[in-house]
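Protein chains in written order, with this note's numbering: chain U, 8 to 473; chain R, 1381 to 1723.
There's no promise every hint is true.
Claimed, not checked - Derived list of chain U stretches under chain R, where covered just means 3 residues or more per stretch with a C-beta under 8 angstroms from a C-beta of chain R:
(1) 40–49
(2) 222–230
What the hints assert, rightly or not - Distance condition first, Cα-Cα at most 30 angstroms in a straight line; then the derived DSS-like pairs of lysine-lysine:
(3) U/Lys418 x R/Lys1577
(4) U/Lys357 x U/Lys373
(5) R/Lys1468 x R/Lys1387
(6) R/Lys1486 x R/Lys1627
(7) R/Lys1387 x U/Lys186
(8) R/Lys1387 x U/Lys401
As the list claims (entries may be wrong) - Beta-carbon label-pair distances, calculated as ranges:
(9) U/Leu92 x R/Asp1576: 54 to 60 angstroms
(10) U/Met47 x R/Glu1716: 32 to 38 angstroms
(11) R/Ser1620 x U/Phe408: 31 to 37 angstroms
(12) U/Met47 x R/Leu1547: 31 to 37 angstroms
(13) R/Gln1618 x U/Met47: 54 to 60 angstroms
(14) R/Leu1547 x U/Tyr367: 57 to 63 angstroms
(15) R/Ala1526 x U/Lys50: 21 to 27 angstroms
Hints were generated in silico from the structure; no laboratory data involved.
The beta carbon of each residue, even a glycine, is placed where N, CA and C say it ideally should be.
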Amino acid sequence: MLFNSLDYLIFLPLVVVAFYLIPNRFRWVLLLAASYYFYMCWKWQYIFLIVISTMVDFYAGIQIAKTPDKKKKRWFLLLSLFVNLGFLFYFKYFNFFTENTAMALSQFNIFTNFEYYDILLPVGISFYTFQTLSYTIDVYQGKSEPETHLGYFALYVAYFPQLVAGPIERSARLIPQLKREPNITSDDIRYAVNKILLGFFKKLVVADTLSQYINLVYSNVDGTTGTQLYWAAFLFAVQLFADFSGYTDIAMGSARLMGVRLMENFNKPIWTENHSKYWSVWHISLTSWIRDYIYIPLAKINKSRGALMLWSIFILVLIGFWHGANWTFIMFGFVNGCVMVIQRVLSVTKLGRLIRTNKYTLGAQKFLNMNILFLEAVYFRSVDIDMAHNVYRKIFTELNFSIVELLSLYKFEFLMSVIVSCLLWPTVLFNKQLRFKYNWLYVTTMLFLIIFLGQDLKNQFVYFQF
Amino acid sequence: MTPFGSKKGMKLFFYPLLAAVIIAVGLDQVFQFFVLPKRTDIDNSYKVEKLLFEENKDEIPVFGSSKGRSSFIPDSLGDNVFNYSMQKCNFDVIFFLLETELAKDKDTPIIIEFNTRSFVHRPEHTIDLATFMPVKDSEAVVKYLAENDRLDNFQLVPGVRYYGSYLRYLQTLNKKESSNKITNRGGIFIDYYPGDKLLTRFTDSRYSMIEKRAELEARVDAGFPLTYMEDQLLESLQLSLDFEENKERIAKFEEMVKAHPNRNILMVFTPHHPSELAGVTNLERLEEIMDHWNEDIPNLYAFDYSRFYLPDSCFKNSSHINLDGARIFNSALKKEIGYLLED
């Protein structure tokens, strides 16, 4: 079920009303049933993957905590890793590895009978896999206690607001919230409703309007100019932010209606002074996961300056690859990692320090960083490496400031994209609590914009494919 | 506290739901009673409504895609010609329009613009709900949308039915959209040449698609494996560059024509920029079909203007002609089919 569907607009109020009508001890049953139903609306067979992951991790968690034998603990951890990463590998990366192996072998005149398996990627597999992995790793490391109630654990894995695109929550944060009697105030309700409206606005008005222009440009790269491609790159970064943060807003608002506070996934990511800062405020739940479970253990192995730089590039390649089995994502991560390392090296120079002391030069640095991020996102959006390089070639050889040229194609779509991007801007400045002096005005304005300017494209969220 | 435990909680939870319903229905009604009645004849839904409910025994309709909309100038072809062509419209929509027209007690000819993509069946792309929602009261429309899996019952509900289309309806209120855009009884014509640079970009785009297809096909022929993405790309290039001969749909069309011998159907393959025909590897199949129509179905005529020479300055882009091009084309077409239009 998509958040941006009429089904969800009926589903959510029904679940919330039912949630408050039944006693707290039975609420997990309702939420688990609702979560499984939510997921099964997409492809019911894949619920078995979630169920298997749940059972294996529940069992592994208890066994890890129960057994004093370190070797045995490790075996149960490996079981959890094997099952979860095995599913992830099979459904997401199997074809990528086999086809690239076949391609590599063909360079040595060894031809294999590679067959592409038509595997439909289970929605949200990367998200819930990482979520359940964090649970078993935390239990293994003694950072959290194992959950002994299968129902609550199953709900932790499948909790519908954040099941398909995060935020990737840690068990120590989410399970206690699912268990306790929610004590929500009118502030919580107002926040939840405002957050959901903001999410719908970002998705239906901003992201889906932008996607129309961007899709047109990217479906006709040869027919568009470098100037148009540059603007498409800029607008794609805005689309990605609006789409993903819109999803997260709806997820956070939906959960808050039932007394659960999901973690913030974004903190004004577009206007940051360097890539390190950017990756600490963009998709926070994923980057903090990678930091805690991969980067820090790696840094413990070797924390020399050179090694840390290498680990930084490595984890960004990993983040890129997490997004999808395509060389474009690997390149996206690699370029991000390289730029981050270069920025770190420059930041400790005299010039780097000087830039940070002046607000104008710092502003220029943020502007430059923003442009680099937009350009890197070309890899993210392109279908293949050739396409991405074609886009770069055109941007770097044809970019100019001719408005006539910019508007020579897809004028209406471009102007609408600019208008909705301008509408998005004030929302970035909203206070985190989404408190407004005239709340009714906010609600009414948002509703009007969503209904009047919203697109009926039935586009799924970009991050659903990951 | 729960959202329903206090008056304030109830208000905060239910007010937005109520406000959403009021705004959605209010906007719907404003459009229903004040905006939609002001649509002009370039609006797609206006065209469908006119075809469904207007009785004009002498009218000669033109059905087709945006190529047809920018190619047929009603004034140049005759006083009774009306251009019903719409963007993205192929036989997914033309079947419905044609059925509606053929059900009328008339004997005027029908002009249909067609091209290499006309018989592609992709209703989710070609059938635009915004075109049909203002005529949702017609049983024929509802049946047609349902048959093509384009309608859920909730989409007929006031407040939901026009969602996502409001700006589109507003856009077509202004009949003469700009000083460079001329309209004429359903047709929209661009009165300028965008320049060699833009046209070259379109043709380059086409040629690079052809090149890419050739490169991928050569790799397959040499026995080198393609990646999944490349395989998908090759398939989509083959589909978008070639003529898609959908035998079932062509047969259905022929049956419809044969069942109405009193109506002459004039199929016109409109002028194309040479780059648009380049890379169509099975164009001869389309030509054979046109020959078959001309020879075997008495009331079905095919006219091939695809290679009709027009200088580059007569194009809006590589797939659409501009007003200058349309004038030259209509003058030639009138000479050839004039006798059929006057009968």
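Each hint tested on the structure:
1. 40–49: Violated: only 0 residues of the region 40–49 of chain U have a Cβ under 8 angstroms from chain R.
2. 222–230: holds (count 4)
3. U/Lys418 x R/Lys1577: Distance of about 17 angstroms is within 30 angstroms: holds.
4. U/Lys357 x U/Lys373: With a Cα-Cα distance of about 18 angstroms, the restraint between U/Lys357 and U/Lys373 holds, given a limit of 30 angstroms.
5. R/Lys1468 x R/Lys1387: violated, 51 angstroms
6. R/Lys1486 x R/Lys1627: holds, 29 angstroms
7. R/Lys1387 x U/Lys186: holds, 26 angstroms
8. R/Lys1387 x U/Lys401: violated, 60 angstroms
9. U/Leu92 x R/Asp1576: 54 to 60 angstroms: holds, 55 angstroms
10. U/Met47 x R/Glu1716: 32 to 38 angstroms: This hint is violated: roughly 59 angstroms between Cβ atoms.
11. R/Ser1620 x U/Phe408: 31 to 37 angstroms: holds, 33 angstroms
12. U/Met47 x R/Leu1547: 31 to 37 angstroms: holds, 35 angstroms
13. R/Gln1618 x U/Met47: 54 to 60 angstroms: violated, 36 angstroms
14. R/Leu1547 x U/Tyr367: 57 to 63 angstroms: violated, 39 angstroms
15. R/Ala1526 x U/Lys50: 21 to 27 angstroms: For R/Ala1526 and U/Lys50 the Cβ distance comes to about 24 angstroms; the hint holds.
In the structure shown, a violation is registered for the earlier hints numbered 1, 5, 8, 10, 13 and 14, in ascending order.
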